[in-house]
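Chemist: Sequence:
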Amino acid sequence: MIKERDESIEFINEESPYKEKAVEVDRTTMSVPEMRRMLGLGKTDSYWLVHKNCFETILVAGKMRIKLDSFEKWYSMQIKYKKVDGPPPGEALKQLSYSPRDIAQMLEVSEDIVYSIIKRDHLETIKVDYWMRVPVDVFERWYNSQTRYRTKEDRERDAQLEQDTVSMPEIAWMLGIHRKDVYAFINAKENQGRFRFVMVADRKRITRDSFMRWLDTQDRYHILTAAEREKLEREKALEEAKNAPREPKNPKFYTIEEITYFFGIHRSSIYKWIKEGTIPARKFGNSWRIPREEFEDWMDFRSC
-18 MIKERDESIE FINEESPYKE KAVEVDRTTM SVPEMRRMLG LGKTDSYWLV
32 HKNCFETILV AGKMRIKLDS FEKWYSMQIK YKKVDGPPPG EALKQLSYSP
82 RDIAQMLEVS EDIVYSIIKR DHLETIKVDY WMRVPVDVFE RWYNSQTRYR
132 TKEDRERDAQ LEQDTVSMPE IAWMLGIHRK DVYAFINAKE NQGRFRFVMV
182 ADRKRITRDS FMRWLDTQDR YHILTAAERE KLEREKALEE AKNAPREPKN
232 PKFYTIEEIT YFFGIHRSSI YKWIKEGTIP ARKFGNSWRI PREEFEDWMD
282 FRSC
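Numbering (our numbering), first residue to last: -18 to 285.
None of these hints come from the bench; they were simulated from the model.
It is possible that part of the hints are untrue.
To be verified - Here are the simulated PhoX-like pairs of lysine-lysine, each with C-alpha atoms no more than 20 angstroms apart in a straight line:
1) Lys223 to Lys253
2) Lys63 to Lys75
3) Lys212 to Lys223
4) Lys33 to Lys61
5) Lys233 to Lys264
6) Lys64 to Lys33
7) Lys264 to Lys253
8) Lys24 to Lys48
As the list claims (entries may be wrong) - For each label pair, taking beta carbons as the anchor points, the in silico distance ranges come out as:
9) Val31 to Thr132: 36 to 44 angstroms
10) Gly245 to Ala140: 57 to 65 angstroms
11) Gly157 to Glu89: 18 to 26 angstroms
Note that CB positions come from ideal geometry on N, CA and C, so glycine has one too.
All chains should be modelled from the sequences, with the hints used to inform the complete structure.
Modeler: As structure tokens, this is what we get:
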């Protein structure tokens, strides 16, 4: 029985043509069949990688061998091929760049939003095995240039900042006044420098301590008590009921606001139905109008 030769052994003749001596090949290389088995590839695919010059090869005793250090470098910079039994590919690549999915997970948004950001903000990208990737330094420059999208760590930091700050709508609610009145006293000449502003998730907010210090310096505004808020909200509800429309203005069309008021449907749902073509709608200038009769028939059918 003839014993099968190991591919890592070369045979040479010495002294006699009938005598063979095994010589160990330098283990800084491997054969193409070894690489093929390592990646679980077919013969064609393995030689395609070789001929594509993905890694360095040398000839040893007339046979092609792959340099291990070159192979590992290539393996760490690609994500298409995976070892049958070994670490995942692309370790170095993942340290140097992000995929759209990586970015989506970091920012907790959809991949569609990531692609729109890349296109809108003209982020430089690279292609690896036909897949788009964003270099880490490019992503970091973009990330530091904006405050709308945040990583989990920064959102946690933002949450602490939100506790220490107040927004303009929050001030209006606390004082029981209109938002325009808040902007009026914030921008008043005598109050310049009194309020300290910080940006939290792309929104300007005022530090709570600077707001409270300003509040103590004047006697026009104060934070409403529970009883005062209840009275204010009751008066507001009565005023809204008094001014509420009894019928739509146009006998043929509803506005978005009228559907929201008369049918209790959220605006986002109405826009979604219009976009999907679920309900008929026409656009006049910048406003949508929904035919009353067709919409009411649709609502009757929907409730059946």
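Chemist: Hints numbered earlier in the text: which of these fail when held up against the supplied structure?
Modeler: 1, 10 and 11
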